[in-house]
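Heads up: the sequence shown begins at 1 in the working numbering, then just goes up one per residue.
No wet-lab data here; the hints were simulated from the structure. Watch out, some of these pointers could steer you wrong.
[As the list claims (entries may be wrong)] Computed beta-carbon distance windows for the label pairs:
1) ASP47 x THR107: 38 to 48 Å
2) ALA270 x PRO37: 18 to 28 Å
3) GLY145 x ASP47: 43 to 53 Å
4) PRO156 x ALA35: 29 to 39 Å
5) LEU194 x ARG22: 37 to 47 Å
6) PRO73 x THR107: 38 to 48 Å
7) ARG200 x ARG50: 36 to 46 Å
8) GLU77 x GLY261: 38 to 48 Å
9) VAL78 x GLU260: 38 to 48 Å
10) ARG22 x ARG159: 12 to 22 Å
Beta carbons: idealized from backbone N, C-alpha and C, even for Gly.
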Amino acid sequence: MIDPRELLRLDIPVTEQRWDERDCALYALGVGLGADPLDGRQLSFLDERRMIVAAPTMATVLAYKGFWIEQVPAGVEVAGVLHAEQRLELHRPLPCRGYALRKTRPTGVVDRGDRGAHIFIRETIEHAEDGGPLATLSSRIVSRGDGGCGSTREAPGRRRAVPDRVPDLTFEVPTLPQQALLYRLSGDHNPLHLDPTFARGAGFGRPILHGLGTFGMVGMALLGRLCDFRSERFRSLDVRFSAVVFPGETLEVSVWSTGEGEAMFSAGVAGRGAVLDAGVFGFAP
């Protein structure tokens, strides 16, 4: 069982990555861009000759070198960890080449008893060449086997629910049968998303799509629908994960306008219900 106070004192190594247009194009393919090969707006994230900025949600994979819990003596049983929430705040458009530093810090633990220990994490992505911030990532993971470990902070308040009315916009986001195989090329090599035997051992009938892959696909689809794929308008994306997605499934997205520069959304799969809920997309009006 984890010691929550020791967890917060962990010195997690800074990771780094030099990236360029090829990395940007691989990520863009991994989150579904190019599905319409005649759409010049999508091609701007794929064509190195005209590329100016990267897909905004690529910030989630910059300098990612594997799950930090597997690389430090955190005491967490990795097989029992679930990714529950993710927020991305982008501080400026991501350039299509640069040198990133990723700094990771656990910020709190909430003991939920038989519902496990909820661990809150903050990551900053900085551009090493000018020292400026690119993005801030906030996440919540659940360590199912660590209930009873004790808390270091109060539980957060309940997330806002999507409005109880007909959505203002609905659309579909198809995923490819090989979507996880494309997405893993951006650095997340967890065999859960590749190896059928490993996936069955984890309780799934087949490999599942990366949670941050779903996050990126829906985030970029929202940017396209609401902001005409203009990256400079992207401000933030915040979601709760409620179920896995299998490659090849189609996501059904519902969107509600909730104020200037803000929309709430949910995404589901027909016959299975929600996979993302209580989502909030922030953008420049």
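Here's how the hints hold up against the structure:
1. ASP47 x THR107: 38 to 48 Å: Taking Cβ atoms as reference, ASP47 and THR107 lie about 39 Å apart, which means the hint holds.
2. ALA270 x PRO37: 18 to 28 Å: For PRO37 against ALA270, whose Cβ atoms are near 26 Å apart, the range 18 to 28 Å holds.
3. GLY145 x ASP47: 43 to 53 Å: holds (46 Å)
4. PRO156 x ALA35: 29 to 39 Å: holds (36 Å)
5. LEU194 x ARG22: 37 to 47 Å: violated (21 Å)
6. PRO73 x THR107: 38 to 48 Å: violated (19 Å)
7. ARG200 x ARG50: 36 to 46 Å: 43 Å Cβ-Cβ, so the 36 to 46 Å window holds.
8. GLU77 x GLY261: 38 to 48 Å: holds (41 Å)
9. VAL78 x GLU260: 38 to 48 Å: holds (42 Å)
10. ARG22 x ARG159: 12 to 22 Å: This hint is violated: roughly 37 Å between Cβ atoms.
In this structure, the earlier hints numbered 5, 6, 10 are contradicted, and the remaining ones agree with it.
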